[in-house]
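Heads up: the protein sequence lines correspond to chains R and G, in order. For the first sequence, the positions run 1 to 275 when the working numbering is used. For the second sequence, the positions run 1 to 347 when the working numbering is used.
Rather than coming from a laboratory, the hints here were simulated on the basis of the structure. A portion of the hints provided could be inaccurate.
[Claimed, not checked] Just some of the chain R residues that point at chain G, by a computed CB distance under 7 Å:
1. Ser86
2. Gly161
3. Glu162
4. Cys171
5. Pro210
6. Asp214
7. Pro219
8. Asp230
9. Val232
10. Thr233
11. Thr234
12. Ser274
Glycine included, every Cβ here is placed at the ideal spot set by N, Cα and C.
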Amino acid sequence: MIAIMRHRRHRLALPLLLLVGLFAAGLLYSAIVPRAVASTEPSTAVADPDNAEQVAYGRELFLSNCSTCHGFNAEGGDVADGNQVSGPSLIGVGAASVDFQVGTGRMPLQATGPQAPKRMPQYPDDQVKAMAAYIASLAPGPAIPEDRWLDPAGGDPGAGGEIFRVNCAMCHNFAGSGGALTQGKYAPSLRDVAPTHVYSAMLTGPQSMPVFGDDNITPQQKQDIIAYLDEVTTESSPGGLSLGLLGPVSEGLVGWVVGIGGLIACAVWLGAKSS
Amino acid sequence: MTQIVPGGASHDEFPGNDVVPRPAGVPDRFENPGLPEHRPRLADIDRKAARRAELQVSLFFVLSSAGTVLTIVGYFVFKLDGASATELEASNFLIGFGLFLTLFGIGVGAVHWAKTLMPDHEMIEERHAVESTPQTKADAAEIIADGIDESGIRRRPLILASLGGALAIAPLPAIVLLKDTGPNPGDSLRTTLWANGVRLVQDPTRNPVRASDIVLGSIFHVLPEGLTVESEYDYLEEKAKAAAIVIRLEVSEVAEEARPGSYAGLVAYSKICTHMGCSVALYEQTTQHLLCPCHQSTFDLRQNCKVIFGPAKRALPQLPIGVDDEGYLLATGGLAGTPGPSFWELG
């Protein structure tokens, strides 16, 4: 018999065993579930709709990966035409849209549902840019944002915060933590989203999100928003634990469970007789 | 009084009813069991256990002292002038956690001390009667009678009348001061700064909006022109009533009743929820729904912002819009209804 087995009837044995089991399950989960990695490394590839070679490569990639839903000429698919899933027409959506959808792993669609979730990008950056060049060659549309608008250092976080609170915070939360919409849709968290994707999402209005074109929020204001998001993501939390910056929901949960739970534990201990 | 009859005999009052037989050994009535037997604690019988408890109690008191030191250190080590957010965080943590240790250590130590080491003999303290003795009652009545007699209140009706008057009107100031909760809001809940000819400007930049700037699927948050912090109006009150959004729909999607106030598919609505006044600005461009983040009231832009889900009862009022000579959007009148939450006088 192993020495530790002698303690199997100890009153702490069961809680300890539970703790070990939960920890192991969590470890296993984090090991086998793939994580969406933000592609923050500066990309060298550029999507150029005038580059015939790149457009041809992009078309090839499009035909083998996207045409099932979006049609052979990106004209959009219809279930009635024998497509498995109907995808919208991509003519005129622009390179920015492709860069956002494919670059954040939302496309190709993993499964039909209320909303395509962010996940690990399925293609290397040069292939994403090639597909973007092909789509951009079909019709004019928003281009992938220029690097000069993407550096948080070039924006004013104060001004960005004001614009963010008027235009973005109602869905994405005051600190960009995300929030729920209707029917299973949601506004994703903006923390750890690459600036280029923040910018192109505003430009193209993916899924439920409205479009915020340059006439609505100017490029400089978009850069201010990027600076604001950088600020709220990197700043420390002098008021204590931030609890995910989700507002009263997570704070209430901790208050009820930890605060009131602790008081109940104290009350039980006060009333118990000493052994 | 009914009595349980042993042996299953019938009861007189309910002939024919068999009384449940009582098992042998059960007494006629339950006795007060009294206190359970005194059980000595581990610390009472084992000197080692007592010593251990003593150490534990002292440990909590020492922990409390450490907390006090930590609090003072946390206060003095960090200079708040020019401190970084990280330093503030550390200072707050040390002061908060230190105070927690200080108070919690003393409390836990004292309770643990009382529970493990102090005497734990059960004691019984009988209740005494609540009623006073007849003698005390008689004495009290006499004192009151003497008081009334000596004050001479019965012989001096002027004093009695004036005192009565003073007492009667003394609560009046408390009622009169309530006047400060007024004046009644009057028309101010129904009116906004929107009027014919007022331009729509973007929040927060105050730039006027061109009709051509608004593309399908975009949303513009607008305020009436002239509403600024410096303006003569009560800025926040007026902003809270006038905040609106402009959205472009396909012309065919604009509801029949919303057409006169729309311009080439552009529609403007108050963005203040008619339920509790939150900002209804969660715009889903795929479904043309507006969602309120507070209680999930959902408004359908294609149906003139009718409520299609949630606790709101009234549609969002439309802001009729047009364009001026330069192509900028302007209001062609006030809001089509009362913005914001319903109130008593709204009916």
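Taking each numbered hint in turn, which are not upheld by the structure, reported in ascending numerical order?
1, 2, 6, 7, 8, 9, 10 and 11
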